[in-house]
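Visitor: Sequence:
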Amino acid sequence: MVNINGFYLCIVGFAAMVVDINGDLEEPKCLSRFDYDYKMLQKLTNLENTVETLKESLRQSENEMKDLSRKIKASGSVYIRWGRSECQDEAEIIYKGFTAGKKYSDKAGGSDTICLPEDPSWSNFTTGTDGGRGYVYGTEIDISEPSGVFENRVNEQDIPCAACHTKTSSVVMIPGRSHCYTGWHLEYSGYLMTAFHGHHGPHNHVCVDHHPESLHRGEANDNQHILYVAVSKCGSLPCPPYGENKELACVVCSL
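Position 97 of the sequence shown, counted from 1, bears residue number 126 in the working numbering, the numbering being contiguous throughout.
No wet-lab data here; the hints were simulated from the structure. A portion of the hints provided could be inaccurate.
[What the hints assert, rightly or not] DSSO-like, lysine-lysine: derived pairs with alpha carbons at most 27 Å apart:
hint: 1; residue 1: 84; residue 2: 95
hint: 2; residue 1: 68; residue 2: 196
hint: 3; residue 1: 275; residue 2: 132
hint: 4; residue 1: 95; residue 2: 72
hint: 5; residue 1: 196; residue 2: 84
hint: 6; residue 1: 262; residue 2: 132
hint: 7; residue 1: 262; residue 2: 275
hint: 8; residue 1: 84; residue 2: 72
A quick note: this is a predicted structure, and the numbers were derived from the prediction, not measured.
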């Protein structure tokens with residue numbers, strides 16, 4: 030029944046079914062035009078609020094997915110591939126650069142070999158030559174040619190390096206092995222190298238790729254930071270399984 034003057038509206042039958050925000054059907058009601066319009070406006074407002082809530086929830090989910098993606102990308106392990114300017118397989122290169130360290134004849138200085146990036150950025154610096162400094166030099170390999178060890182000619186060649194990021198959680202360099210143990214993934218293999226036994230100061234061991242690259246115009250015999258192949262010496266080190274003066278292989282493995 031409808032009031033012709035428009036003050037009241039009585040909706041019956043199918044038309045009386047008003048759908049609420051949850052999709053349920055309300056009982057038929059007789060409402061004034063104002064009340065009817067007001068209730069419909071409320072329902073539309075509630076629906077808009079629900080849509081905005083869903084949008085905000087979606088934005089939060091997207092942000093959480095982005096954070097998770099950043100965490101996944103940031104996880105993993107980092108290693109240096111000595112002697113090469115690129116990474117292998119699925120490893121991502123962080124930067125490539127130059128193998129470097131202290132001069133072989135210096136009595137002190139850093140005992141480690143480092144990978145200097147090819148695109149340095151500087152903080153404050155001077156160019157003084159006073160002796161109160163530590164020195165860092167480029168690296169070359171010294172080995173008798175043909176060595177029967179490396180696949181290419183490397184004697185007196187300066188070598189590059191690359192910092193590599195792998196998604197695996199663990200990376201280990203294993204000296205004395207040319208293959209990874211079962212279950213581990215090979216990143217690269219090579220030869221264990223360090224300083225000559227008669228030179229000054231301590232020195233670390235690095236695993237140089239079995240097929241090292243040479244830097245452009247790096248063939249000069251500068252004799253600064255020098256790497257030599259490490260060999261096993263019998264005595265306290267049992268032979269077998271090791272052997273006298275045998276060049277030690279090495280392998281970098283990830284898991």
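Visitor: Work down the list of hints and note, for each, if the structure agrees.
Guide: The hints, checked one at a time:
1. 84 / 95: 17 Å, holds
2. 68 / 196: Violated, at roughly 57 Å.
3. 275 / 132: Judged against 27 Å, a Cα distance of about 26 Å means the pair holds.
4. 95 / 72: 35 Å, violated
5. 196 / 84: It is violated: about 33 Å lies between the C-alpha atoms, which goes past 27 Å.
6. 262 / 132: 25 Å, holds
7. 262 / 275: 8 Å, holds
8. 84 / 72: Holds - the C-alpha atoms of residue 72 and residue 84 are around 18 Å apart, at most 27 Å.
The earlier numbered hints that this structure contradicts are 2, 4 and 5.
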